[in-house]
Amino acid sequence: MRLSISHDTTYHYEDQVRASIQYLRMTPHDSERQQVLNWQLNLPRPVRAQVDPYGNILHVLTMDEPHESIVIGAQGVVEINETLEAEHEALSAYPFLRFTQLTEADDALREFSLKQCHDRRDRSALIDLMHALNSHIEYVPGTTAIETSAAQAFAGRQGVCQDHAHAFLACARALGIPARYVSGYLYTDSSDHLASHAWAEAWLDDAWYSFDVTNCLDKPSRHLKLAVGLDYLDACPVRGMRRGGGIEQMRARVEVASTPMVQEQ
Amino acid sequence: MARSFYDEMYMANGECRSHYRDFTRWLAETPQDLLAQRRREADLLFHRAGITFTLYGDDQGTERLIPFDIIPRSIPASEWAVVERGCIQRVQALNMFLTDLYHDQRIIKAGVIPAEQVLANDCYQLAMQGLDLHRNTYAHIAGVDLVRDGDGSYYVLEDNLRTPSGVSYMLEDRKMMMRLFPELFAAQRVAPIDHYPSLLLDTLRASSPLDNPTVVVLTPGRFNSAYFEHAFLAREMGVELVEGADLYVRDDKLFMRTTSGPKQVDVIYRRLDDAFLDPLAFNPDSMLGVPGLLSTYRSGNVVLANAIGTGVADDKSIYPYVDEMIRFYLTEEPILKNVPTWQCRKPADLSHVLANLSELVVKETQGSGGYGMLVGPAASKAEIEAFRARLIAKPHAYIAQPTLCLSTCPTFVEQGIAPRHIDLRPFVLSGRETRLVPGGLTRVALREGSLVVNSSQGGGTKDTWVVED
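If you read the protein sequences in the order shown, they are chains A and B. Start counting the first sequence at 1; every next residue gets the next number (our numbering). Start counting the second sequence at 266; every next residue gets the next number (our numbering).
Derived from the structure by calculation, the hints contain no laboratory data. Keep in mind that this is a model prediction, so the values were computed, not measured. There could be a bad hint or two in this list.
[Stated by the list, open to error] Restraint ranges, calculated between C-beta atoms of paired labels, are given here: (1) R653/B to R253/A: 54 to 60 Å; (2) R653/B to H118/A: 28 to 34 Å; (3) D107/A to R700/B: 49 to 55 Å.
[What the hints assert, rightly or not] In silico lysine to any residue, SDA-like type, Cα no more than 20 Å apart, as pairs: (4) K659/B to D107/A; (5) K374/B to S92/A; (6) K374/B to Y94/A; (7) K115/A to R157/A; (8) K374/B to E89/A; (9) K518/B to V51/A; (10) K659/B to E111/A; (11) K374/B to L91/A; (12) K528/B to A19/A; (13) K602/B to G351/B; (14) K611/B to Y94/A; (15) K518/B to R18/A; (16) K518/B to S20/A.
Think of the CB as a built atom: it goes at the ideal place given N, C-alpha and C, for glycine as much as any other residue.
Make a model of the complete structure from these sequences and hints.
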């Protein structure tokens, strides 16, 4: 399937920002499952692309002239191979066993993961875990924040895709299975969920398998991967800091459409 | 159990060791009240110079003087030559280990160290994977902690490869001794150490591929326990002392704000932990670092000394493998001994440790500064039981070692002169070559019988001499 993405993010500031810097992970790269046909990132200043520690494409936007808004535009077309269920990578998965502040497994999460999986450490065990987490943490936007940890969302029983992914990572790592956070886009026919999405991947049989807790999907379908990391902080599309500016207003508009195959000329 | 300690000054038969003879003669000839007066003078001078140490975990606060003892720790040159070679060998192997670990991982493929042990370690930094560093140097500055067992042989207790501190005390202690007792240095040739700051600057410059790099010292700020040292070293080297807020990133380059406008920075001697370096890449709450620093570093536009991710090589869970590293990378036998170590993550080791807690020293693999450790022979039953519970709950977080006898050195205490336990931290610099100034920092445990020499735990310091045999 061919997906075309248009993602505009606008930051408006109450006061003038004296200087700002953003780490942007808004450019997908080729992998076994996806082929980037074209992609364009429109930024207020020209910025060289780099590769971050996780292999994601990173742009670092620095602005040190006063500004009142920042507009970031990303658009492009990506071909998704929906038949592939898992992806291989050369780098070791061991680093994805470690916990972070957002993915720390407390006693409740540890007990929960053991209750679902017992001695099983295979894909079917993680699929059961995914379903169990989906029913335990109800999808309710606005109940959690960016800094909400897996343990907090699990205790509060409500959250969004980020919380679902974090809870899954905490459980998988507690079971001794390397797991990582994925940020990206999802094409859905309905508009129930945001097109900007987050899910998890776990390392099983030497490949990364997808687990989308929010949608109870044990294989990726119309998922377009932007970035991976230990948690949200590593993989999120925009992470920035600024001096001055007062209150920030962020507006994002994302459109994900499936592009009909154009007849070859 | 009677323990026999190796005393630095006296042999078991009470005779003075030959390299201490000049000093003991001087000590016997010098009137007691003069010594007492000089000791008060030293306290006053240290206080006036602001050489203090901030104590963590102390509600009252904050700054106190590190006690300075006027009886030096003296090492014969022939003995020092071995220690020096041993430290150089060790730090070279550790730098080769870090290069390998963040590139080909030959040592893992060869089965010398288990992959999970290093790669799942919190101190292993993904950000360093595949990154090429100038001269393959990761630990530009290392502080190797050495102690001596009952027979006088040197053991490495730990390799501090992150931001080892204490070198300012080494330098100030020498200055103080020369000022108080110039006659001592006239009578005996003590190897000089005052060129350390210029060696450090040379090392930092050599860490950059540029001909004339701009070097700064990055401090977390005045509330850090070692702030005095950061300011001291910047001043001695003649470079800027900066905090995170003085630096900023623009277009992949690092600049410092100066009164004459922005100036690009090429080398940062950072005295800030990895987690605080860049709030956009690591701890988002850090106000101490520089947003964007990691991407600038990864682009090769600034050098960090030490590099990010050195902690995986001085982690106490990796320490047991250093002997193997030396054999693997240098095909040499280790010159300095490693302390035998039980890794509590291994069930057999754990049960041995639990059965012998009263005789062992138990340390957190991630700990430093002597805050989270158990010294079995000195601990109460309740303390041992409390530690037992922690060990059972989190075995992988601990290692255990036999209680070493730690050598003693005569030290001024309230009752007069009495033996107190000491250690030694030489500072190893890796630039064009690996080198160190003779000696290092000698720390002394001032409480009778105590084996914990950390300044945060009531330790003092001594001037350290390397003298002709």
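**Request:** Just pull the numbers of the violated hints for me, sorted ascending.
**Result:** As far as the earlier hints go, not one is violated by this structure.
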